[in-house]
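Next come the chains, spelled out residue by residue.
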Amino acid sequence: MIIGSQKPIDEIWGMVKDFHKVLVFGCNTCVAICHAGGEKEAETIATLLRMRASQEGKEMTVDFSSVMRHCEPEYFVPVMDDLKKYDLILSTACGVGVNFLSDRTGTIPVYPGINTSFYGAVESPGDFVELCAGCGNCILHLTGGICPIARCSKTLMNGPCGGTNKGKCEVSKDIDCAWYLIVERMKKLGTLEKLAEIQPARNWSTSRDGGPRRVSLEHIRAYEEQEEKKTESEGGKK
Amino acid sequence: MKSGSNLEKVLKSGQPAVTAELGPPMSADPHEVIKKANILKGFCDAANITDCQTAVVRISSIAAAAIALREGLEPVMQMTCRDRNRIAMQADLLGASALGLKNCLCLAGDHQSFSAAGRLKGHPGAKNVYDVDTCQLVGILKKMRDESKQEGGDPLEVAPKFFIGASWTPMGDPIDIRPMNLLKKVNAGADFIQTQGIYDIELFRSQMEKIRKMGLHEKTAILGGVIVPKSAMMLKYMDSSVAGVSVPKALIERMNKAKEAAGDDKKKARELQEAEGIKLAVELVQQVLETPGVRGVHIQAIEWESAIEGIVKAAGLYPRPTFPTE
Ligand code: SF4
Ligand code: SF4
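If you read the sequences in order, they're chains A and B. Using my numbering, the first residue of the first sequence is number 1, and each one after it goes up by one. Using my numbering, the first residue of the second sequence is number 1, and each one after it goes up by one.
Only chain A is shown next, with the shape it has when bound in the complex (with noise of 0.2 Å):
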């Protein structure tokens, strides 16, 4: 899931200082998950600018409310014209989010009430990691299920570098080498020498390239599109 953490509430006072009408909008699947930007986030985060503007004498109401998913149109479909009330929008949805509904909210601005992190796991209660990279281009198989390009400083795609120290990346001592977990992984699963294959130059594209990526599915849309004509057409009969 996309992992995200709180703003200092510093910033996002600077953020929504000088409009009148906030609503924090937050959302409740992956950022409620890790804490960052559920509906109970997005209460707090309220209570906490309502208190600020009171304390600087600014006018400002401020509300929350929050969906599902900010992801998907039909989760913020129905509630598009209470959201219209308002003159700010403090989403505190993943970045997917801030940028799909401030598409779809006209003059009204949508602004990022967390920041976007990672796409991550729960480790354990409160502590979430960085597994995937989004790159577009999965190699797993071949690293043992282990990704170097999230998890290893380098991105090194043919073992690990000289600064592999006691398990550790040369970056820090609190970070696990991802060679290093590559390695050990691969000698349980009997695979290392799969290791010895030269991999060569990566093509980047599909990891960042001009414009945003897209994946679509055919089959679905031409199944969406046929079902849309038979709804259709069935209305038409009545």
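The hints are simulated quantities; they were obtained by calculation from the structure and are not laboratory data. A hint or two may mislead.
DSBU-like, lysine-lysine: derived pairs with alpha carbons at most 30 Å apart [unchecked claim]:
1) A:Lys40 / A:Lys21
2) B:Lys213 / A:Lys166
3) B:Lys249 / A:Lys173
4) B:Lys121 / A:Lys173
5) A:Lys168 / B:Lys12
6) B:Lys236 / A:Lys166
7) A:Lys194 / B:Lys142
8) B:Lys142 / A:Lys166
9) A:Lys187 / A:Lys166
10) B:Lys230 / A:Lys194
11) B:Lys230 / A:Lys173
12) B:Lys213 / A:Lys187
Since the structure of chain A is provided, determine the placement of chain B with the ligands on it from the hints.
Only chain B with the ligands this time, still in chain A's reference frame:
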């Protein structure tokens, strides 16, 4: 001849090669490079010109290498994967070759977080590149040289002819993967290898035994690394903090003794330790060269280039071979 570099000639002649290191300054002043080049000239077959080592901004490796070459010192330009993508790298390689540079050592490069150390602010917030890694960079150099092609496949009318090097940390962690690490660099096309500094000669020799069994010593020229120790403190630091370096207690003890012999006299303590450091370095050079499969030494006297002359002479490696110019 792949490149016709002096280093290649020495290795081809079968004599043990000696390389040293020259760190460019954090300044636009060429004199530092000129000075160091003249200190090293004649006492090594080629000198590595570091490429923004520890991610600190310095005169670029290519520019400093061109200056060294002008002074009559053969450079090994270093190229890290940290700062350039494959477009910039290949452009720089063409330029370097056009300037007359003939050796290139491929490295991953220290992470940018290293640049903020001691009094330096550095650029820890810089974005690193790593479009390609060391193995892939070695392959690019080889493809350019041997196939006259860019990485993407476009032809090169005149190919850059580099003697291709890579670094190797023989005792790095996880130690059992290190021979395979070397294998990959050799398969990618590394003509020579410079190793991380060696203090634990027994451990190095056991790694070299594996390398010989794999036959890698015949496919590439391995130059064992020796970092000249300056003080007991430096040895302790390297033992505890530098990746892939372990220093046997006996060596640290020797340096400690040299230090203690000076009593409270700080200046003398430094002198005695430096003298012991040079003695130690000479012994290590000889032990490295006696290791079967090793074809030379890479002596690093960090910010202490003047130590090289004495070490090379005492190790019986002077004068360095010369070859008639074609
Ligand atoms: S290889 Fe790419 S897709 Fe696979 S885990 Fe790593 S970043 Fe994600
Ligand atoms: S120490 Fe390991 S994780 Fe860190 S950069 Fe090197 S290979 Fe990657």
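How the hints compare with the structure:
1. A:Lys40 / A:Lys21: 20 Å, holds
2. B:Lys213 / A:Lys166: Judged against 30 Å, a Cα distance of about 26 Å means the pair holds.
3. B:Lys249 / A:Lys173: 24 Å, holds
4. B:Lys121 / A:Lys173: Given that 30 Å is the threshold and the Cα spacing comes to 20 Å, the pair holds.
5. A:Lys168 / B:Lys12: Violated, at roughly 39 Å.
6. B:Lys236 / A:Lys166: With Cα atoms ~17 Å apart, Lys236 of chain B and Lys166 of chain A stay inside 30 Å; holds.
7. A:Lys194 / B:Lys142: 23 Å, holds
8. B:Lys142 / A:Lys166: 33 Å, violated
9. A:Lys187 / A:Lys166: At roughly 17 Å apart (the allowed maximum being 30 Å), Lys166 of chain A and Lys187 of chain A satisfy the hint.
10. B:Lys230 / A:Lys194: 42 Å, violated
11. B:Lys230 / A:Lys173: Answer holds: Lys230 of chain B to Lys173 of chain A is near 26 Å, not above 30 Å.
12. B:Lys213 / A:Lys187: 21 Å, holds
In summary, the numbered hints that this structure violates are 5, 8, 10.
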